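In case you want the letters, here they are:
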Amino acid sequence: MTTLPQDWFIKIDALRSAVSDWLTRSFLPIWLPNLAVLLGTLLLALLVWQGNRSERWATAWRRLRGDRLGQAAAVVASLFLVVGSLETVVFPTETGSRTLLQMLLSGIPQEKGYAAPMATHALSVSDPKPLFTRHILGTDALGRDTLVQTLRATRSALWIGGLTSLVYIPLGVLLGILAAYYRGWVDDLVQYLYSTIAAVPEILMLVAILMVLGKGLGTMSIALGITGWVGMARLIRGETLRQMERPYVAAAKAMGQSHWKILTRHLLPNVMHLIVIKFVLGFSGLVLAEAVLSYLGVGAPVGTPSWGTIIDASRSELSREPVVWWNLAAASFALFLLVLSLNILGDALRRAFDPKSNT
Amino acid sequence: MSILKKIRRSALLAAVFLCPMLGGSCSNNPYPAPTQETGADGSPWKVRYGALSEDPRSLDPQVCYDTVGKRVIEPVQECLLEYHPFKTDPYELQPCLLEALPERVAGEGGKTTFRCTLKSGILFHDDPCFPGGKGREVVATDVQYAFQRIADPKVECPALSTLQDYVAGLGEVFEAARKSGEADYSRAISGLQVTGKYTFEIHLTQVYPQLLYWLAMPFTAPVAREAVEYYDGKAHDGIARDLFRFHPVGTGPFQISEWKRNTRIRFVRNPHYRTTTFPKDGWNPARAAELEPLAGRSLPLVDEVCMTIFRESIPIFLLFRQGYLDSMSVGKDAFSSLITPGRDLSEKYKERGVTLHRDTEPSTYYMSLNMEDPVLGPNRKLRQALSAAFNTPTYLDIFYNGVPIVAQQLMPPGIAGHKKEFRNPYGYNLEKAKALLADAGYPNGRDASGKVLELTLDTSGGSADERLGAEFEQRQFEQLGLKIKVVENPFARLMEKLDQGSFQIAAGSGWGADYPDPENFLFLYYSKNIPPAGKNASRYKSPEFDGLFDQMATMENGPQREEIVSRMNALLAEDVPHVLLMHRSLFSLSQPWAPRIQSNPMLEGGLKYAVLDPRQRGELQKQWNSKSLWPIILLLVVFAAASAAGIRAYRRN
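Residue numbers (this note's numbering), protein chains in the order written: chain D, 1 to 359; chain B, 1001 to 1653.
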């Protein structure tokens, strides 16, 4: 028989688990999440500051200030961002590391099991013991406060959104812009790549990648990034093709500017607004994808609260009697709120950046 | 305008479609019509309805070893011996296919011979594999064939590893077949000697009284060679045949008449069945009035059994409530609405005549700690600390509604050697656990250099429940200040890790008794059973334990054996190769028309003793399934209002 020898399988398996270990552990150093939050904040500030200097961005900013709905959405989204950051900042304590959010909310005790919202006694017909305190949104199966869990789960959503954007935006923008600029075989290659990826059903591909790489927020971001750059690349390629016909590109070429200069100085700034809009709209899609994957059981690892896992757990809660509805309600509402506000914000940004609107 | 027309047409269609649903023709009954309306003598055809969680993987009597498989094969394939349905304390065996319990003849040097005689006139099920489709008589060579199949490497019989140590010649035949690549069925096994048409002898190389229990399992049940050869899974004359493992041909009270994968398995009574009758004694005197009228009756007591496969637990409860299931076990979902604070059945169901039963399985669930792990293995105090940190009562409360019994020892209740008053010295006690951990060299979970101790917990993952369980387990150990990394594995991968020993703490281990003997539990920690040879996944190795095991394994039950068993229990309790969780027990319910006759956990349902009153069931089903029209009317009203609003909005534009 000509099969692979047994130790080959072991080696492959060891390699696989080493890779997945590295991917899931790479965020373990305590300073790394904190650094990420710091860098993220700086990046955001830089973006706003940079944007204010360009005329187009200043116009958009002015328009956005007149858009009440967009502003409200921005406020809600920022609140989520703040909560997610609080859950990301880690402090070492006597009994292992705790997140800032956990420390802020550490006054809320853990019960022994389910408790209904604002109930004084545990949710158990057979043994309703008195609770330590009232819980605004009740508690889950292990007696953890639902509100706290829901807030903590914001982190998974934002991490997935953020990390995946870090993977798919550079990839999509680079490939899209290069394809449109160079045309020819580069274009063919990029188009071939993204057509192939787009031809595989997305959720199957995601599950397959996660099965190989193992569970974890890091691996999930990579999986979503691998499948997610296609839309971005298509969008940017189309827009760049349009820009290429504009006289300023011809002028730049005539003046003998290098390819690199044309790409970064002229083309990139002119597609930047598309990237921002796609980023915001795509973010909500990623939050949903995280929930779906966690619901399928290939998402967030044990011990990482996530809306998807809460919703998954509530499948059996709904069939209980009395019905345990508050976990599902809290997680779905939070998910809905974030996705809705991001969508509205995305629309507002699109309107604000639209050169055709003159209001 | 054209859109309006379309709307009208679809409304008409909907009306046509809904009418039959509103009319009297519909019913909640989810089952196909029974195979017959009345029995041969004109009495009503009795069909019992039950539930299964999945398809059985194999119904080959020499292979089948999983819970679902055992439940499905028991009514089809009879064994040489069987458990008495009522004598459970202690468990007692009675002859089934054999005339009487085997006669034991002691030879020199521990060699033993069991003389067995088959009942005459027992027929296999009628099946196309026999000439003329008529089942032939069971003879001693069918038992011989079964033993040859046990020794056939291609069959992969799970009983082989144990039986080859005791039955003379079994191991040699297996080795020879493995070397040549093909089992030689003309070669006899010296340990199984056919001495007459119905008589045979089993020769053992050493004392092994537990053999009797193996004779009560399908592994040693007689098999018709014709059936194995006929059902080869290939097409013959254009007709595809099943594989033998999907088409068992036995002698049991029922035959499988339909197996629709993922949907249901139906059994009909075997018209030739006369191996056993309803027992005449052995029950609790309190039940005499109920059981005496049945004594000596021919079996089975119902004509057909329909087992539906439910992947989710919710429909089981709903169908039971509607009266379409005759019994159910109480799961987590429905617990609160069925069981009261006093652990009693709720009033609503009592009024319906439903009866509540509480069964404890002879099983023990635990988490394995790897004794070969460089951190856990040499550090007994650390293992003791882990065991003491685990809050088992709360665990059982959250995940099992507090029904199971907290395991204090490896041996479950009902098995010789289980000591009621024994308390696990490292049961839940957080303060003690912290002190033990400090003694183990990790005060507050940190080693001498101040580094947090990190351990890996392997679980089988995927479902929401398993994830919650893993989070709970993680929190228990992390209370000590150490860090637990949870790895979720597909079930097969977890089994592989247990076999390879590549784990530290593994959740989800458990053992259910093959037979009610302490040896069947203690062998889990016998050093010769370290995988791949056996099931000692913890890789526990103790010369003292091994010595005691060798001593007790083949002893007859008695005070001396119990003494040894309790010494072994104490050794395990001190060495902590596991975190003990529970002896599983369950609440289950039976409907008023199908009172439960027996509840012996060593039987897989004992379907041949099941009874049924179809008349009462019909009446109550009708009563419990009265139609209510208002939801449909409400739905129609809402739909109409919404369409009207939509049409108006469309017209306005």
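Derived by calculation from the structure, the hints in this document are not laboratory data. Take these hints with a grain of salt, some might be off.
Stated by the list, open to error - To give an idea of the interface, some chain B residues facing chain D are shown, with a C-beta separation under 8 angstroms as derived from the structure:
#1 D1281
#2 A1464
#3 E1471
#4 F1472
#5 Q1474
As the list claims (entries may be wrong) - When the alpha-carbon atoms are kept at most 35 angstroms apart in a straight line, the in silico DSBU-like pairs for lysine-lysine are as follows:
#6 B:K1119 to B:K1087
#7 D:K112 to B:K1197
#8 D:K129 to B:K1419
#9 B:K1332 to B:K1134
#10 B:K1497 to D:K129
#11 D:K112 to B:K1381
#12 B:K1627 to D:K112
#13 B:K1434 to D:K112
#14 B:K1420 to B:K1087
#15 B:K1332 to D:K112
#16 B:K1485 to D:K129
Unchecked claim - Listing some non-contacts, in silico: residues in chain D with all C-beta distances to chain B over 10 angstroms:
#17 V76
#18 F80
#19 M103
#20 F132
#21 L142
#22 I222
#23 V302
#24 S316
The structure presented is a predicted model; accordingly, all values stated were derived computationally and were not measured. We put the beta carbon where it would ideally sit given N, CA and C, even for glycine.
Evaluated hints:
{"no.": "1", "hint": "D1281", "in the structure": "violated (38 angstroms)"}
{"no.": "2", "hint": "A1464", "in the structure": "holds (4 angstroms)"}
{"no.": "3", "hint": "E1471", "in the structure": "holds (6 angstroms)"}
{"no.": "4", "hint": "F1472", "in the structure": "holds (6 angstroms)"}
{"no.": "5", "hint": "Q1474", "in the structure": "holds (6 angstroms)"}
{"no.": "6", "hint": "B:K1119 to B:K1087", "in the structure": "holds (23 angstroms)"}
{"no.": "7", "hint": "D:K112 to B:K1197", "in the structure": "violated (65 angstroms)"}
{"no.": "8", "hint": "D:K129 to B:K1419", "in the structure": "holds (32 angstroms)"}
{"no.": "9", "hint": "B:K1332 to B:K1134", "in the structure": "violated (47 angstroms)"}
{"no.": "10", "hint": "B:K1497 to D:K129", "in the structure": "violated (40 angstroms)"}
{"no.": "11", "hint": "D:K112 to B:K1381", "in the structure": "holds (28 angstroms)"}
{"no.": "12", "hint": "B:K1627 to D:K112", "in the structure": "violated (41 angstroms)"}
{"no.": "13", "hint": "B:K1434 to D:K112", "in the structure": "holds (21 angstroms)"}
{"no.": "14", "hint": "B:K1420 to B:K1087", "in the structure": "holds (20 angstroms)"}
{"no.": "15", "hint": "B:K1332 to D:K112", "in the structure": "holds (16 angstroms)"}
{"no.": "16", "hint": "B:K1485 to D:K129", "in the structure": "holds (32 angstroms)"}
{"no.": "17", "hint": "V76", "in the structure": "holds (28 angstroms)"}
{"no.": "18", "hint": "F80", "in the structure": "holds (24 angstroms)"}
{"no.": "19", "hint": "M103", "in the structure": "holds (16 angstroms)"}
{"no.": "20", "hint": "F132", "in the structure": "holds (15 angstroms)"}
{"no.": "21", "hint": "L142", "in the structure": "violated (6 angstroms)"}
{"no.": "22", "hint": "I222", "in the structure": "holds (18 angstroms)"}
{"no.": "23", "hint": "V302", "in the structure": "violated (4 angstroms)"}
{"no.": "24", "hint": "S316", "in the structure": "violated (6 angstroms)"}
Of the numbered hints listed earlier, those contradicted by the structure are 1, 7, 9, 10, 12, 21, 23, 24.
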